[in-house]
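K.L.:
Numbering of the sequence shown is given in our numbering, commencing with residue 5 and proceeding in unit increments.
Think of the hints as simulated: they come from the structure by calculation, not from any bench.
Quick list of in silico lysine-lysine cross-link-like pairs, PhoX-like style, CA-CA up to 25 angstroms:
| id | residue 1 | residue 2 |
| --- | --- | --- |
| 1 | K82 | K239 |
| 2 | K138 | K149 |
| 3 | K138 | K239 |
| 4 | K78 | K98 |
| 5 | K34 | K156 |
| 6 | K78 | K49 |
| 7 | K34 | K216 |
| 8 | K219 | K230 |
| 9 | K114 | K78 |
| 10 | K149 | K173 |
| 11 | K227 | K153 |
| 12 | K198 | K173 |
| 13 | K49 | K219 |
| 14 | K219 | K153 |
| 15 | K153 | K198 |
| 16 | K140 | K94 |
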Amino acid sequence: MTKAFLLLFCALSTTNLFGQDLSPNQLLNKAIAYHDPQGNWVDFKGQLFITMETPNSSDRLSEITIDLPQQYFKLVTKKDNIITEQIINKGSCKLLLNGSETVSEDEIAKHRLTCDRTQTMRNYYTYLYGLPMKLKNPGTLLDRKVYQKTFKGKIYDVLKVTYDEAVGKDTWYFYFDPATYALEVYQFYHDEEKNDGEYIILNGLEEINGIKMPKIRAWYYNKDDKYLGTDTLTKTSALTD
Numbered sequence: 005m006t007k008a009f010l011l012l013f014c015a016l017s018t019t020n021l022f023g024q025d026l027s028p029n030q031l032l033n034k035a036i037a038y039h040d041p042q043g044n045w046v047d048f049k050g051q052l053f054i055t056m057e058t059p060n061s062s063d064r065l066s067e068i069t070i071d072l073p074q075q076y077f078k079l080v081t082k083k084d085n086i087i088t089e090q091i092i093n094k095g096s097c098k099l100l101l102n103g104s105e106t107v108s109e110d111e112i113a114k115h116r117l118t119c120d121r122t123q124t125m126r127n128y129y130t131y132l133y134g135l136p137m138k139l140k141n142p143g144t145l146l147d148r149k150v151y152q153k154t155f156k157g158k159i160y161d162v163l164k165v166t167y168d169e170a171v172g173k174d175t176w177y178f179y180f181d182p183a184t185y186a187l188e189v190y191q192f193y194h195d196e197e198k199n200d201g202e203y204i205i206l207n208g209l210e211e212i213n214g215i216k217m218p219k220i221r222a223w224y225y226n227k228d229d230k231y232l233g234t235d236t237l238t239k240t241s242a243l244t245d
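Work out the full structure: start from the sequences and follow the hints.
P.N.:
Have a look at this one:
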């Protein structure tokens, strides 16, 4: 056996045993290539239909319309015979309760029907369903290395992410399958030393516009593993021009 062959054998063995030595950006690029291989998220136009189940509560049905090029967002929620609609169309905001734009102050407070809340919900849905692509956004700070962590008995490649102060204050961890680079878990802390915050386990995929999105997201507290609820992406629909 030649010296060159021995060196090649050792290199291949090391790769097989310990995995690829990826930088954070390389891992993120591979994850994006898995979830959005054609780079379609930037021009996303589609509808997401989500059922939210929480303990001791009735289900909440949400219909979400996102048109990124047109800066359009619409969230229709149905729960206990109450229907709310929240719309952002470029710079304008529109709010409806059971089909009416006339909403009392008490109803506004009860159903949190404000334009600020609508902006928050738009950011929430475009962030979570735009992962991992959204980790390329300005103000996102990747830690200097890729971590290997075991979560629920499985070893993951993990990105630690913080944000510029103007963007966000939480610390996030994103867990990727080391073979496929699929995003399977994410976790956030307000204060990591207190072990607060939550983790979210992803299962299944729903494809829309060539993008693989998580079908099921189950939420738990970090501190005691208490189950909080599950969001199920029951259907998707692409928007046509």
